[in-house]
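Asks: Letter by letter, the chains look like this.
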Amino acid sequence: MVEGTISTWSMLIMLLPLLGAVLAGALGPTVLKGRSHWPVLLGVGGALVGAVVIFGQVRDAHDEHQMVVPLYDWISTGAGTWFSVSVLVDPLTSIMLLVVTGVSLLVVIYARGYMRDHNEPVRGYERFFAYIGLFVFSMCALVLGGNFLLLYLGWEAVGLCSYLLIGFYYDKPAAAAAAKKAFLVNRIGDFGFGLGILLIYLTFNSLDYQTVFAMVEMGFDAAGDKVSTGRFTAIALLLFCGAVGKSAQFPLYVWLPDAMEGPSPVSALIHAATMVTAGVYMVVRCGAIFAASPTAMAVVACVGAFTAFFAATMALVQTDMKRILAYSTVSQLGYMFLGLGVFAAEAAVFHLYTHAFFKALLFLGAGSVMHAMGGKIDFREFGGLRRIMPWTYATMLIGSLALAGFPLLAGFWSKDEIIHAAFAQDWLLGTVGLVTALMTSFYTFRMVFRAFHGVTRVPEGVHAHESGGWMLVPLVVLAIGAIFAGYAGVTMHPGGFVGLFEPHGWFHHFLEPVVEPFKVNGVGHVAAGHVGEGSGWVVAHLSHYGLMYASSALALIGIGIAYVLCVDSPMLAAVIRRAFPRTHEVLYNKYYVDEACIRWIVEPLKRAGRFCVGVDNFVIDGIVWFVTAVPRGLGWGLRGLQQGALQGYAASMVVGLALLLVIVLFGTWT
Amino acid sequence: MLTIGLMHYLVLSAAIFCCGIFVMITKRNAIGILIGVELVLNSVNVNFIAFDRYSQQPGFDGQITALFVIVLAAAEAAVAVAICMNLYKNINTIDVDRGDALHG
Amino acid sequence: MTLTEMLMPVAPELTLLIGVCAVFLLGVSKRPAVRSAIAPLTLVILLGSLVATAMCSDLDASGLVGLAFDELTGYVRWITLAMGVLLLLVNWRVPTDGEQGEYFGLMLCSIAGVLLTASANDLVVLFFAIELVSVPTYVMVALSRTDQRASEAALKYFFLGALSAAVMVYGFSFLYGLAGTTTMMASGGDSLQATFAEVGAINAFAVVGLLLAMAGLSFKVAVVPFHAYAPDVYEGAASPLTGLLGFLPKLAGFVALIRLLTVCHWALPDSLMWMMWIMAVATMIFGNVLALLQTNVKRILAYSSISHSGYMMIGLLVGPVLGEGPMHDGVAAVLFYIVIYGLMNLGAFAVLSGLNVRGEAAETLDDLAGLSRRAPMMAIAMAVCAFSLMGFPPTAGFLGKVYIFSSAFSLSDAHPFHGPLVTLAVIGVINSAIGAVYYLRIAGYCFLREPGDGLKRVGGVMPGLGLAVCSLAMIVLFIRPTDLVNRAKSATASVGSSVVTRVAVAGAETPPSDTRPQ
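Chains as they are written, first to last, in the numbering used here: chain R, 1064 to 1733; chain P, 22 to 125; chain Y, 10 to 527.
These are computed hints drawn from the structure, not numbers from a lab.
Everything numeric in this text was worked out from a predicted model, so none of it was measured.
One or more of the hints may lead you astray.
Claimed, not checked - Below, in silico cross-link-like pairs of lysine-lysine (DSBU-like), each with a Cα-Cα straight-line distance of 35 Å or less:
#	chain 1	residue 1	chain 2	residue 2
1	R	K1235	R	K1096
2	Y	K465	Y	K39
3	R	K1096	R	K1243
4	R	K1439	R	K1243
5	R	K1096	R	K1439
6	P	K110	Y	K465
7	R	K1582	R	K1289
8	Y	K465	R	K1243
9	R	K1243	R	K1669
10	R	K1235	Y	K465
11	P	K110	Y	K39
12	R	K1669	R	K1235
13	P	K48	P	K110
14	Y	K465	R	K1096
15	R	K1439	R	K1235
What the hints assert, rightly or not - Reference listing, derived: stretches of chain Y covered by chain P, where coverage requires no fewer than 3 residues with Cβ under 8 Å from a Cβ of chain P:
#	segment
16	138-148
17	156-167
For each residue, glycine too, the CB sits at the ideal point set by N, CA and C.
The following block holds chain R by itself, in its conformation from the complex (with noise of 0.2 Å):
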């Protein structure tokens, strides 16, 4: 790695958008108006670029895994740099980084036809864009920063990106509320990181990742001192609930389903491809942490395999095609801090990458047919619409069948290889991710079979048409990378899978040095063939391609019975309903969770807080008036010194050189 080029491009990574933005803001309303992509698109085209060079550095270099490069120091003194602004590049930096700008750079243009009403630009457009710039300027800061300030700040700004996104349509009552709900629901997990990074602080005294890891690696805290693991413990924990609430996951899931009133665009940039990985990002980043408290670890699997199977369960009766998408992507992410809990982060962050090609297709084909039929996404109203949008289902339907994890397909591969970690780790945490497997081809194709297939149905009035090109081109870029992108994790094995093909390919060993610290301080691991305890009887009876076969087998499963439910005998499914009612509606109503925090926990809090308000007019008010009343009475008593005649001005300032003078004289000569 040349360490010009990498500051160089790394810097161009996160400006080159942020100008975009800015120029869109600045100059989209008078000057740009309909044009108002172009700055956004070059910028983030342009990171792109930077992106694939950096790639290549870090494919390049030989021995030399990791580069921090210090870009300038913010605040410094002459004795010593307080902080500085430095960036990390490694294979995981690089692969985040292409995944992020990659997919910005479709859903900007696929944008650039969604954001249009009868090709009008919709109100707010060059606002759209650049929030966009914006957002892709915070991400890349957050997988770019080489010490935590920076991600904290990264992290941050995406939040508020997220928020400003999520309100985009602020005028629609939902829309607004759901920002809210995103923004204090990000809250509650982003005190508990900052209180980690604070942490980090007290205990290491650097926020540098290398300086942290370094310590974190040798055991030993500033002083010099043992960490205990206790210690340890606390600060992934709290991490980790930043990771929670930013990668939605249980019990902090719940502003993600929601966060679909904002644009199409948007669910698959930031809520689906990529701020939400960003937690992903950040327990691997911190792997050394996490891997040295197996109590951390076993939470992270416990809570991703509860998340995955638990969101997998609500998204079988949704009828919302993004809701069903929003589950599926809490679900998602289940599986990969399931990955990342038994030790096979480089599984996790593979099914990081392939998820995002997958997943944004998904939601941008779903946008697409929201376009199509005036903004409705609930396939009560429509159905059939394979024969009017033949793109669209096309794509979407290969991006339903790397969700569902057909064999071959990109979800499969990585899928596939979490759980087979998982049954290493424990045979409860497999079984798990298999049954959701199971689940995720099921409510995947009854979306698919329910919105593309039948009699065709549209809403009345609405004049449905295949969307134009420029939302057709991400569609078809991002499908073939929904079929392929997998074959980077894999290799051509003579008698593996089907016959060909091996896991575990370049991908891995690309990432190898990354996710060391999981195989040094890891207890169990697949590749090292190293077993946990319990799970000797799946591994004596499965092998991993048998696994594979097992898999693929249930997404067959899964489609077959979407299949008969909703295309072949609907009467079936209404019949299965009537005879679970309870079940239904409980799924229906996703838990009821949403009801019980509000009636459990924001209820109760309005209650305080109106009592804090009380407390507040009167006792605080009070002492705020009081306080502001020293300096204000102290005004207008020295107001009269500013009369307004030139001579009482300069009999002040002659009285007062006179009072300093003497002051000034007796104080020398006394």
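Once you have looked at the hints, place chains P and Y on chain R.
Replies: Chains P and Y in isolation, oriented as in the chain R frame:
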């Protein structure tokens, strides 16, 4: 017999200085205030010349400075008169008491 | 030494002065086309002066009497000319047709004055340079608008300014009496600095001279009790000009104060230190509490300008600490802060000048109500400037305050002014909190009030550009203050070289020592 020394000049200049300031504070007419400013600047000149005369060091720094101060006083007088005219155009008087629209 | 070689170091000033002549001459032209070319010509002159600053790296002043060049000169030249460009942009449309020549010519004079202040090495030159900054501004106030308030403001500004100048030069006369020469610093030979090293500062002439000179300069930077003119003048002058008044005289005043303190080795007698301490406290409090009562935004900003001078006085009291950044080095902190202050102040006034309410320039808080609906970008710019003035991240004003206040802690424990300076920093922080009230009120009016009638965006491309640069600079300098900080840091090299370590930074090897002559 009384010999005139440095201190006498300094007292003289201080007196002129105070007179000038007194004029500035008490006069209402803008030209009167300008005269006060000139007095103060002349007290400065007296100081410089006196210090130069009684200085141990060779050189004419004080005298030259006094010349410069005279030049500046002339320049300031020009600006002052211009500003007074401007005020007169606006409020028909150069009585500075009348200009108290700005206060507080 | 040829004439060209001799004049090379003052090329930036000469460029400006030649430009002044050209601008004055063109200003009397009868052809409108010529007159409308004056503002662009002024821009060219300023850029030319910047080029000259970049080119004249060889700063040999041996051929020039009364001038000396060091790192501080370079710093002041750069920031003054760069700010000058912004000031010109914001003032682009201020003069009425036919007065462009006078207005922009005087502006160039004022800028040249700041440049000369930074290279003055003789009391006479210093005095004239400072008057070259001030006198044009008196006239500009009267020119800036045809309004009774403008001429009243000019009148007050002029007479009080003349009084302060006279006080200052009266003080200079005592310093001359003490040293027998008007040369400030010289390597060998008579100079004020050498005299101070010899006799120390506890001498009747020295104390009286320094006090009067500092009092006169305090007027330029608007420090209590010499601040009275500021609110009236700021209110009376046109808003874009007020941005200039808040920067050029202040900068000149602080540079002159730094020079003066360098001459006496940053070792003032305790009584003068206490005088500055009292002035700093009074300035901070006076500015802030009176700003609380105002409803006119220009007056608020005028009082805020007074309080900001108070903050900067802290840095002057700390003095230079060689090789340290502005976290410890008070002078570097002041040099950094004054640039930030100039930018945010100009930005705030540029917003005001870009708005019209029922045909009149926007001035009061009510005029700004609901700005975010009428002109969102202007409202954002105003909010950025207000937050920066308040000292909130993510704006450069935050860093400026951090530097100023943290520098107050850098005197060693043994130093007699350690305690008082820490107290001063605490008073400063409390005052920033009071200040937040009225800055937030400005931002609140922009964003939270219902818009009134007739609020209209006026101005043009150039003032808008100037405003955009000012407010963007607040963010950019927060994200990356490094270059400016490094320049400010090296600028203190020359003013600090006469100081024997009087400051012990934590971890430094040198033991604390007080070099003040007893």
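Asks: Could you run down the list of hints and mark each one as holding or not?
Replies: Evaluation of the provided hints:
1. K1235/R to K1096/R: 23 Å, holds
2. K465/Y to K39/Y: 33 Å, holds
3. K1096/R to K1243/R: Holds. K1096/R to K1243/R sits at ~29 Å (cutoff 35 Å).
4. K1439/R to K1243/R: Since the Cα atoms of K1439/R and K1243/R sit roughly 23 Å apart, the hinted pair holds (cutoff 35 Å).
5. K1096/R to K1439/R: The hint holds at about 27 Å.
6. K110/P to K465/Y: At roughly 31 Å apart (the allowed maximum being 35 Å), K465/Y and K110/P satisfy the hint.
7. K1582/R to K1289/R: 21 Å, holds
8. K465/Y to K1243/R: 33 Å, holds
9. K1243/R to K1669/R: Distance ~15 Å between K1243/R and K1669/R Cα, so the pair holds.
10. K1235/R to K465/Y: Holds, at roughly 29 Å.
11. K110/P to K39/Y: 24 Å, holds
12. K1669/R to K1235/R: 23 Å, holds
13. K48/P to K110/P: The hint holds at about 21 Å.
14. K465/Y to K1096/R: 21 Å, holds
15. K1439/R to K1235/R: 15 Å, holds
16. 138-148: With 4 residues in contact (Cβ-Cβ under 8 Å with chain P), the coverage given for the segment 138-148 of chain Y holds.
17. 156-167: holds (count 10)
The structure fails none of the hints (numbered hints given earlier).
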